[in-house]
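Visitor: Line order of the protein sequences matches chains A and B. Final position of the first sequence in this note's numbering is 428; the numbers increase by one with none missing. Final position of the second sequence in this note's numbering is 428; the numbers increase by one with none missing.
For the record, the hints were derived by calculation from the structure and aren't laboratory data. Any given hint could be a false lead.
If several chains are the same, the list does not tell them apart, and a pair holds so long as it fits within one copy or across any two.
Unchecked claim - With a straight-line Cα cutoff of 25 Å, these simulated DMTMM-like cross-link-like pairs (lysine to aspartate or glutamate) come out:
id, residue 1, residue 2
1, Lys365, Asp350
2, Lys51, Asp352
3, Lys51, Glu331
4, Lys234, Asp350
5, Lys409, Glu87
6, Lys189, Asp156
7, Lys390, Asp352
8, Lys311, Glu210
9, Lys225, Asp352
10, Lys421, Asp237
11, Lys398, Asp352
Protein chains: 2
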Amino acid sequence: MVDYIIQKVVEDIYILRLNDSSTKYFEALWEIPEGVTYNSFVVFTDDRVIVMDGWKKGYEQTYIEALKEVVEPGNINYIIVNHSEPDHSGTIPTLAKVAKQSLILGHRMAIEILRSFYGLEAKYRPVNDGELVKISEGDTIVTHHVPWLHWPDTIVSYFLEKKTLFSCDVFGSYGIPSRVFYEELGDDEKRLFNHYAKKYFVNIIGKYVDWVTKNLLKLSPLLNNIEIVAPGHGPIYKNVETPLSLYRYLGSKAIERRKTVIVYASMYGFTENIINTLIEEIEKKGIHPLVFRITDKNQPVYSELITELFDAENIVIGTPNYDSDIYPSIKYVVELMKAKIPPDNKRIVLLSSYGWGAVAARKLNDVLSEKGFRVVDIVEFKGRPTENTVDFLKRVVEKIT
Amino acid sequence: MVDYIIQKVVEDIYILRLNDSSTKYFEALWEIPEGVTYNSFVVFTDDRVIVMDGWKKGYEQTYIEALKEVVEPGNINYIIVNHSEPDHSGTIPTLAKVAKQSLILGHRMAIEILRSFYGLEAKYRPVNDGELVKISEGDTIVTHHVPWLHWPDTIVSYFLEKKTLFSCDVFGSYGIPSRVFYEELGDDEKRLFNHYAKKYFVNIIGKYVDWVTKNLLKLSPLLNNIEIVAPGHGPIYKNVETPLSLYRYLGSKAIERRKTVIVYASMYGFTENIINTLIEEIEKKGIHPLVFRITDKNQPVYSELITELFDAENIVIGTPNYDSDIYPSIKYVVELMKAKIPPDNKRIVLLSSYGWGAVAARKLNDVLSEKGFRVVDIVEFKGRPTENTVDFLKRVVEKIT
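With the rest of the complex left out, here is chain A (with noise of 0.2 Å):
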């Protein structure tokens, strides 16, 4: 059974939310057990209807009849579509079908991605960055092109008289909040969701992290002019505070100082008994790391690890020697690194057990290093760690903590 709810957001303004459990990995890629929603809105103005984006393709149907309960698609003016990935356009050609009378707004990559994804060929009009488009007497859109987040094609949408802000993926979070506005959430689901909305930021828009900081910039002059933040998934937001800070803290590549994250592959337990040592002396430092376990028993939550590494100061990475090479995960865990983790001010030490032969460390320096990762020591030890690896392990905790 497909989970939605309709709920009026403020006066004139409708959320149509597709609560999606069943999506076990996000983009195919990322674990969220949490699930994640897609977030549709209907906005109405005294002569005018406007659709916000849409929900995951595959729930067309879903979608159309959740929508009647509102409006009539014949009755839809406009469809704005603040970015075409398809857990928010999925929905877009059908609703193009039914709603006849609909003019699609979009950035002109997002129509033309329209077109080659779905063949979706209806009424378009590109939109600019900054344009004000007039809905009608007193109704006015402000679109922004906010580039690389995540995408080429993404905009947000500003409803100036009513003081929302459509921002599809950003400011966007994983879960199925219990209600629609974060602040009515209670204190510790509001914890949980200021971690989604992290883990989803780093997960799906980490790679384009320096885009942040020059798209807020250009939000700047109306910011302070929002009174409702409705973002494409999760909960949507009285307080623009909310997730503009969040969005200043990851977009500054800041580091949470001391913040240390261990992330080890252990076969037989060598790597394991050097790193539960390690894990000791850094708490003897009042510091709680945490970690990663890649064994006979576990495998670690990647959406989970990338996310705990975006802001860490200390990352330590325990791999062993496998077939003269690094492990095959700790390798998949380093390209997911490079690609969506800024290296700005982080220590990195690493820790590799070896056989017969100790490649796999000079490996992963050089493959981190090439990404201006700065690795600041290097544990090798043959086997079982001797007592001068562990001196020496104490000093590296020394350095980082």
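Position chain B against the provided structure of chain A, taking the given hints into account.
Guide: What follows is chain B alone, placed relative to chain A:
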């Protein structure tokens, strides 16, 4: 509860077999819902007792208990370490402590590794390639160095008079067989274990496939004179031809004519759609491709994927463009292919969908070609495949079937 069996194999040879169903990822990497066994052997001569290999690290106490049901540890004269990896050598240090009069035999590298892994100081005697170890009057073990199957330390031990080959990882298999001997399994279970043996080979030894033929050649003088093959994992064999023919086949890097494996990632179904068209076209040719899917609901079993790729003639890889790069999980698959799969005689077809920038197929082509894989065709399409794409695909199918 630890599950193990003790059984007489033939007169004077006993197996101590640990049935490990708690290891979910062999080498912390390969999915093995079928489990794995660690086979240790006790061999009696008129006046000597020999132990061949042991169990995985972590099962030391249970191992000693099991052993005591067969022999008083103090009476053990020789411990032969065919391979020092901790899934076989893990119990050796504890054994050496209680088997006070024992001498440890192994390749000099195995001895070096026992020292570095466990700090084990014991009575050691390094054995050479082709060495005849005189156990007692009329009892001879011939040790053969089989380097890179799959470590440089690896030997197999041939008990001359008992015509038994103790081969540790060589001829090993995943799975927990219901009988000790392969020949005693039912036909269905035999088929399963044929697959598990191949899977084990590809996962663990695949990288060193070029050493198989060399090492088999070295062993050829004794191969006609073997009555029992006793590996360190899985079933033991009365008919040497069973594991040997598998190794001859895999070692030859032969392909199975027309065997087609498809692995693809699809975030929103566009790649999936064209893959489905491809599957239809291939099936029209009487070929049933093996398909591994990476979607929002499903992740592939990588240990099986790599196994099937090993002797495929045709490999189709479908990747979306992701963050202007190869899709991360496909990159991981390709890294595994580079490590484990011989490129010989294979045809690769790349399928790639994109929204706004096509780079993944070109990058994949570069990575695979550099490793010697032959990319015979690249099918790229923006969003939906067009009729042209489908026509092109049909021509590709003609070429590869």
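Visitor: Against each hint, give a clear statement of whether it holds in the structure.
Guide: Status of the hints after comparison with the structure:
1. Taking CA atoms no more than 25 Å apart as the test, Lys365 paired with Asp350 passes in both settings, with 23 Å inside one copy and 12 Å between copies.
2. Taking CA atoms no more than 25 Å apart as the test, Lys51 paired with Asp352 passes between copies only; the shortest distance there is 23 Å, against 31 Å inside one copy.
3. Taking CA atoms no more than 25 Å apart as the test, Lys51 paired with Glu331 passes in both settings, with 14 Å inside one copy and 21 Å between copies.
4. Taking identical chains as interchangeable, the C-alpha atoms of Lys234 and Asp350 lie at most 25 Å apart only when they sit on different chains, with a minimum of 7 Å there against 30 Å within one chain.
5. Only between protomers do Lys409 and Glu87 lie at most 25 Å apart by alpha-carbon distance; the minimum there is 22 Å, versus 58 Å within a single protomer.
6. In the homo-oligomer, the alpha carbons of Lys189 and Asp156 lie at most 25 Å apart inside one protomer (20 Å), although the nearest pairing across protomers, at 84 Å, exceeds that limit.
7. Taking the closest pair of Cα atoms, Lys390 and Asp352 come within 25 Å of each other both inside a single copy (8 Å) and across two copies (21 Å).
8. Taking the closest pair of Cα atoms, Lys311 and Glu210 never come within 25 Å of each other, the shortest separation being 38 Å inside a single copy and 57 Å across copies.
9. Taking CA atoms no more than 25 Å apart as the test, Lys225 paired with Asp352 passes between copies only; the shortest distance there is 23 Å, against 33 Å inside one copy.
10. Taking the shortest alpha-carbon separations for Lys421 and Asp237, neither the intra-copy value of 36 Å nor the inter-copy value of 43 Å comes in at or below 25 Å.
11. Taking the shortest alpha-carbon separations for Lys398 and Asp352, both the intra-copy value of 19 Å and the inter-copy value of 15 Å come in at or below 25 Å.
Hint violations for this structure: numbers 8, 10, all remaining hints satisfied.
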